[in-house]
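Residue numbers (this note's numbering), protein chains in the order written: chain A, 16 to 149; chain B, 14 to 306.
Hint data in this document are derived by calculation from the structure and do not stem from the laboratory. Careful, some of the hints might be misleading.
Claimed, not checked - Listed next, the in silico BS3-like pairs over lysine-lysine satisfying Cα-Cα at most 27 angstroms (straight line):
(1) B:Lys-60 x A:Lys-34
(2) A:Lys-66 x B:Lys-228
(3) B:Lys-61 x A:Lys-66
(4) A:Lys-145 x B:Lys-161
Okay, here's what each chain looks like letter by letter:
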Amino acid sequence: MKEIFVEIITPSKSVFKGKVISITVPGALGNFQVLFNHAPILSSLEIGRIKIEDEKGEKIEFATGGGTVEVIDNKVLVLADSAEAADEIDLERAKNSYKRAKERLASRGKGDIDMIRAELSLQRAMNRMKIVRD
Amino acid sequence: MATLRDIKRRIKGVKNTQQITKAMKMVAAARLRRAQENILNARPYSKKIAEVLQHLLSSEKNFNNPFFTEREIKKVAVVVVTSDRGLCGSFNMSVIRTVEEIAKGALSLFNNEGNLFLYCVGKKGNDYFTKRNYNVVGSYPGIFSHLKFEFASGLMKELMNKYQNGEIDKVFVVYNEFKSVIQQKTETEQILPIQSFEEKEESSRLTDYIYEPDKGKIISALLPKHLKAQMWRILLDSYAAELGARMTAMDMATENAKELIRSLQLTYNKERQASITKEILEIVSGANALKET
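Go ahead and model the full structure; you've got the sequences and the hints to work with.
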């Protein structure tokens, strides 16, 4: 079996570690899938979902808030700002931050740094909610 | 002279104190285990980021980033990491002393002109410096009871913003490094501008990566993450060191209480013996007096 070794780590802990068949990540220039013998790549990640197909063919999904991925010698290292497995996502929290971000965006003019932050927070919340729903 | 009852009361008091110190030691030990786990969990992330960055920078020699360039220093910030609670030996004092030393020594020029800004993490340092004549611009008491990465990243973000806007030209952190359970070391570290990465032997890994979107963007995305991870590491270290210091301090207090109880018990026993002897003496002499009449 042609497997690659994947490790997903966040600042507070290691989220996933193991052999997989494929991994799909939200790269800066669009989603891409990494299979056996992928060329070395270093890419930044956007907010989105990481999809993994493990040895047994089971699919695991994670919500990520961006980060960086390094692929080298069939080893994939995901340095994520945040990453949660689909069943670990706190839907209530995501909904709350969704609401908060919406309010912030509605209340102020565009252009300042808080807007960008609210926008990002909105994206993250939407991402989380979407992954739970699927 | 202390009566029997007084001594007994004191023994009881010391015993109570001993119980408390013992319990505090246990609590600190349990928390320390968790804090150590957190350090271990955080290590791979910061290590990997540093590795990737170092690799990138070694192949991009002429990369120019404000986070690296030394400039004329007009304003200096010091992040003071202390604990929220006391009873941990010299833990806080040693940080405070170090900060005062550099404020009056190497950085006195900035301090005198009000260009030395203190960011106090932890209640103890905050209490100390706000009461004295220091320019405390950031106070973060009570964060250690639920330490989160978000806090470290927020603090670092503020420092980075000010650094980029030219409001600060240099940032130091003074904190206690966790060496082992019984050993802490007060460290002064410069985090901005970034001093060169530690060179490792394996840095000559010459791989042709595909870069998405491009090298420069990846470096500028990774640098803040690296800094945040560093701040996170420092806070975790300080917390573990605090718990270690408290454990040793409380262990010592428990030992001292034990010693005190022992000596008090001895005086108590002697006193008791003396009073019994005195009583017998009184009875015997009383009986003798009766016999003679």
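Evaluation of the provided hints:
no., hint, verdict
1, B:Lys-60 x A:Lys-34, "holds (22 angstroms)"
2, A:Lys-66 x B:Lys-228, "holds (25 angstroms)"
3, B:Lys-61 x A:Lys-66, "holds (22 angstroms)"
4, A:Lys-145 x B:Lys-161, "holds (25 angstroms)"
Figure legend: structure checked against the earlier numbered hints; every hint is met.
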